[in-house]
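Sequences listed follow chains A and B, in order.
According to the numbering used here, the residues represented by the first sequence are 7 to 662, in order.
According to the numbering used here, the residues represented by the second sequence are 7 to 662, in order.
Please keep in mind that the hints were generated in silico from the structure rather than gathered at the bench.
Please note: incorrect hints may appear among the correct ones.
Pairs count within a copy or across copies, as identical chains cannot be separated in the list.
[Said to hold, decoys possible] Straight-line alpha carbon distances no greater than 30 Å define the calculated BS3-like cross-link-like pairs of lysine-lysine that follow:
hint, residue 1, residue 2
1, Lys598, Lys659
2, Lys354, Lys29
3, Lys236, Lys207
4, Lys261, Lys642
5, Lys598, Lys539
6, Lys246, Lys354
7, Lys27, Lys642
8, Lys233, Lys207
9, Lys512, Lys642
10, Lys207, Lys246
These figures come from a predicted structure and were not determined experimentally.
2 protein chains.
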Amino acid sequence: MTSHKDMANAIRFLSADAVQKAKSGHPGMPMGMADVATVLFTKYMNFDPKQPKWADRDRFVLSAGHGSMLMYSYLYLTGYEDMTIEEVRNFRQLGAKTAGHPEYGHATGIETTTGPLGQGITTAVGMAIAEKLQNARYGDEVVNHFTYVIAGDGCLMEGISHEAISTAGHLNLNKLIVFWDDNEITIDGNLGVAASDNQLKRFEASGWDAQAIDGHNPDEIAAAIEKAQKSGKPSLIACKTKIGKGAPTLEGSHKTHGAPLGDDEIAQMRKDLGWDAAPFEIPSDILKAWREAGARGVATREAWQERFNELDLDAQETFVRTNDGGLPENWIDSANAYKKQLCEDAPKKATRQASQMALNALCEMIPEMLGGSADLTGSNLTKADSQKSVTTDDFSGNYMHYGIREFGMAAFMNGIALHGGFVPYGGTFLVFADYMRAAMRLSALMEQRVIYVLTHDSIGLGEDGPTHQPVETVASLRAMPNTNVFRPADAVETLECWMLALQSEKTPSVLALSRQGLPAVRTEYSEENKSAKGAYVLREADGLRKATIIATGSEVEIAMQARDVLQSDGIPTAVVSMPCWELFEKQDDAYKHDTLGDGVRVAVEAGLQMGWDRYIGQNGAFIGMTGFGASAPADKLYEHFGITSEAVVQAVKERV
Amino acid sequence: MTSHKDMANAIRFLSADAVQKAKSGHPGMPMGMADVATVLFTKYMNFDPKQPKWADRDRFVLSAGHGSMLMYSYLYLTGYEDMTIEEVRNFRQLGAKTAGHPEYGHATGIETTTGPLGQGITTAVGMAIAEKLQNARYGDEVVNHFTYVIAGDGCLMEGISHEAISTAGHLNLNKLIVFWDDNEITIDGNLGVAASDNQLKRFEASGWDAQAIDGHNPDEIAAAIEKAQKSGKPSLIACKTKIGKGAPTLEGSHKTHGAPLGDDEIAQMRKDLGWDAAPFEIPSDILKAWREAGARGVATREAWQERFNELDLDAQETFVRTNDGGLPENWIDSANAYKKQLCEDAPKKATRQASQMALNALCEMIPEMLGGSADLTGSNLTKADSQKSVTTDDFSGNYMHYGIREFGMAAFMNGIALHGGFVPYGGTFLVFADYMRAAMRLSALMEQRVIYVLTHDSIGLGEDGPTHQPVETVASLRAMPNTNVFRPADAVETLECWMLALQSEKTPSVLALSRQGLPAVRTEYSEENKSAKGAYVLREADGLRKATIIATGSEVEIAMQARDVLQSDGIPTAVVSMPCWELFEKQDDAYKHDTLGDGVRVAVEAGLQMGWDRYIGQNGAFIGMTGFGASAPADKLYEHFGITSEAVVQAVKERV
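Pulled out of the complex, with its shape left as it was, chain A reads as follows:
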């Protein structure tokens, strides 16, 4: 029988050799955690490499993403078909599935992109939440899996780890098991240079079970996993390890963290560990043992499939559809019927209120929508009337109280989206996008449908002042690749933008919504989703167009007022509403040109000019903010900062 040691050394040599060949990478962590990974993947993880998307598989998240070779090693060793030895050999090369950090979508078995520290463990908490939510809907027979995490000191030092730990403890996510690679090493040297927390006590203070083991002892590892699996709380397993375990002279040194070990060191390691195989060759008995371990899951999966087949057909369909991310049939027709009603009602509402009205309609049509807010439910208006709060004791609800944890919320939502089964959306104030931006970036990079409901979107929030008033935030989010930033002008546009967000399966969305009331500007019903083109002529000029006012969100009202004045002063002026730059950029040149017009272009938005030059051109003008806001009632602020219809009129007249 192949020894544990040999099987673990397979990870060590694949990792050391791949990093050496790439001349860059992180061998220390995979070598240090090889024993834990070997025990976990050969004995406990439920997965089937031939059916890597099996819904009830255990999830694994390598929060310490720089140790990506750990992941590529076990994916290859257990027999994931797309993780060939050629891919391992091409570690960190252009086009390989084996990127420097694990990238979701590159190879099957990578459950989430990791590398930005602390986010892996937090995303895993989201997956564990999704498991509980699905379990409450389908029962233990169909949904019953663990979420395993390997985290390093970096992950536990990052602030977001507190949001993860606190939430997991509060919600009693007992099927979450975190291995902490307790190697006492960080890049700047020994961990003791910068931290001295008692992690076990810290986790216990937040409601976790915590164990400490020798991370190189397979029996201790196995016993700890079994104990954690039975626990009624989330579990931390602190694994005392040596970074770069096995390296003859560098074991235990931070020098193994982020650089190749060197040919000599690896040659000596081969001698010391009795490993004769050439780089990227795994002795056949060892590979066979790994492959057999990888095949363990087939029977488990087949038994699951039988149980699944006993569900009623509707439940089966819903399970498959929601896991795949499809939306219910006919929801668009229902949404359009509601839109028609809205056009007739023409309500004067803040767009955050309009968003709640849209949610009231949509959440009934699409029950897998999972709402939430970072403790601003009554301000963000993110809870639909039909929604029920999720609590520690009852996961049958569909609304999350994420707490005052914006960054956590965003990473949880990534995990929920990645897990499948739900369409997560969550709210906070727009300005606090800054707190969670690093997770929004991963939504975009991983192409996840996560919807950010960001209210209080300008100085229009008034008295709370500049710390709460976004001025640059919309621009900074527009800068993010693969993210649709919507800033709707009224209730109808808000609904349209919600519909687009739901339809964007591969793109996260931001809905920037006003605190203050806004008049209806869209009162004529059309089935066409006009916001889908990103910008459109809301009101054409009477007469040959000489000027175009381009506006978004709450400033569309100002644009319309300015147009009235300009028209009556004999300057034919159109108003373009531009709820989404990113979608506008996808239109053809003719549409863009026709929309923006040949004449003078003046843009008005209660934010900074950054990026607007693209649309107004060199003869254009921008009416907006030039710096931070101030504390005062909203109407006073608009006047103070000169964001008024008078200013727009003047800018047009100076240029016509």
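Chain B: place on chain A using the hints.
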């Protein structure tokens, strides 16, 4: 003698009445914490309202910044001259010092801007670090003050609180005392909706002393403060309070958190508490008692002044100068001498290496520079040869190992800058600006000279892949008001940008620096800091200029190569290096026009186009990224994404 109760009720009524008058604000917290604040400010805080900038004053940070009326109340009551009752009456009105959240620079006594949760306590940790650093330099006789914080559940739920707590515990900041307003209320309802941490155990796990008291009992409050003052560790005092304490029907309800109590509720409160005075009138005996408490500090300050006068004159001068933010005389001459040397040496260096070379020179000239990195010292190259690490036992050093805590680092640096005495700079990878952006925003809003050294600034970092490759980050930072984003092209520009960052007393700076080596492009010495205008003609066209290539940082090399080809193909082309957009925007139109030229403009930068349209105009072109990066060696990536001199040449030729 005036009772504690009356004095605390003065805070309660000022807060309730001001919020009522403003028709917005947060009365619950000031009312709940009025007892703690009264004991602290009348008996323990060392401060002198007539000399509010006295260097050795105790610092107070209202981390739960929404409770700003607590602050305005005690500032008025203790006799800060600029906090008149008129200001209190004008709470949340345009131009008042009494903004919705405490804004640094509005009223004296506000030590930092708070409101974005979790950052107050973290900034306070920075202040406590600065105290220890100054104490190590000047001794107990001159620097010996406490930093007090009031934090709410929101602050302790935010992830950044972990970075603050962990750091304060590790560094044993025993003069930091945090009052936690343990009222069990958040906006979504009871705290138990979203959290159930044992905060005392949590703080203890990170090396703090923790006490729990009745936050309405003045004797318990006093005893806890005295115990905390004597502790050898940082202290948490958990104050069990009722939010909105004193409100007859709303006490204890989340309804008091963020809305006026209502006229009826306040009228009843007046009856219940026996408070006859009209709004904004404090009975004279109570005001007198508060003012006397405010005058306690005069003698303490005078005694301090006598001790200070005994320092040698050099030390006195340095203390005053560094607290005021002035730099040593003649440092610019020394820096220029080094620049001259650089021009002669023309080193081919990564700009992160050039930055370290600059630091080696500058840190000797300006010893108050305080370096640091979020555990990437060897990558960011932020430690100068002369610098010594600060440790728990020895604060005489000048280099901080901030740990894997980017957000914490940024907020600590804000606290250090606000405290005075040091010029903080700190490093991480540019892409992780996203982790700390919310604190960078406060650097900008508070006009603090904090310098962010952000290396690995593009796909040029290579194999670590898209999670580590900024593409949108520079744009997102350029969007931030009052922040200078520098992206220097070689060693000379790097030095110039460092000099500008040091000279920007009211503006934080970002230095975006390359991982990869770059050739020297500035080899002719001029005393003039050419980077100071933000952009300049690095190489004029030979012949009448027909095209201008605008580039930043690592892409200036590509621009120069393209120019050579274009010149030899008969197209006179200039290269403009543009290390700082923000400074370029401050130049007059003539300079801008002369620099950018009339001809075809092509910009090249290994980032997104966002914002570049302003400079290239509608006939221009941009060569850069269009989405996220990839994992591969840097040269392969430049080729793959088409950021090459060939692409620049082609773009010019298509347009000339």
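Going down the list of hints, with the structure as the test:
{"no.": "1", "hint": "Lys598 - Lys659", "in the structure": "both (24 Å within a copy, 25 Å between copies)"}
{"no.": "2", "hint": "Lys354 - Lys29", "in the structure": "between (62 Å within a copy, 22 Å between copies)"}
{"no.": "3", "hint": "Lys236 - Lys207", "in the structure": "both (20 Å within a copy, 25 Å between copies)"}
{"no.": "4", "hint": "Lys261 - Lys642", "in the structure": "between (59 Å within a copy, 27 Å between copies)"}
{"no.": "5", "hint": "Lys598 - Lys539", "in the structure": "within (9 Å within a copy, 35 Å between copies)"}
{"no.": "6", "hint": "Lys246 - Lys354", "in the structure": "neither (61 Å within a copy, 43 Å between copies)"}
{"no.": "7", "hint": "Lys27 - Lys642", "in the structure": "between (64 Å within a copy, 16 Å between copies)"}
{"no.": "8", "hint": "Lys233 - Lys207", "in the structure": "both (18 Å within a copy, 24 Å between copies)"}
{"no.": "9", "hint": "Lys512 - Lys642", "in the structure": "between (41 Å within a copy, 27 Å between copies)"}
{"no.": "10", "hint": "Lys207 - Lys246", "in the structure": "both (16 Å within a copy, 23 Å between copies)"}
Hint 6 alone, counting from the list given before, is not met by this structure.
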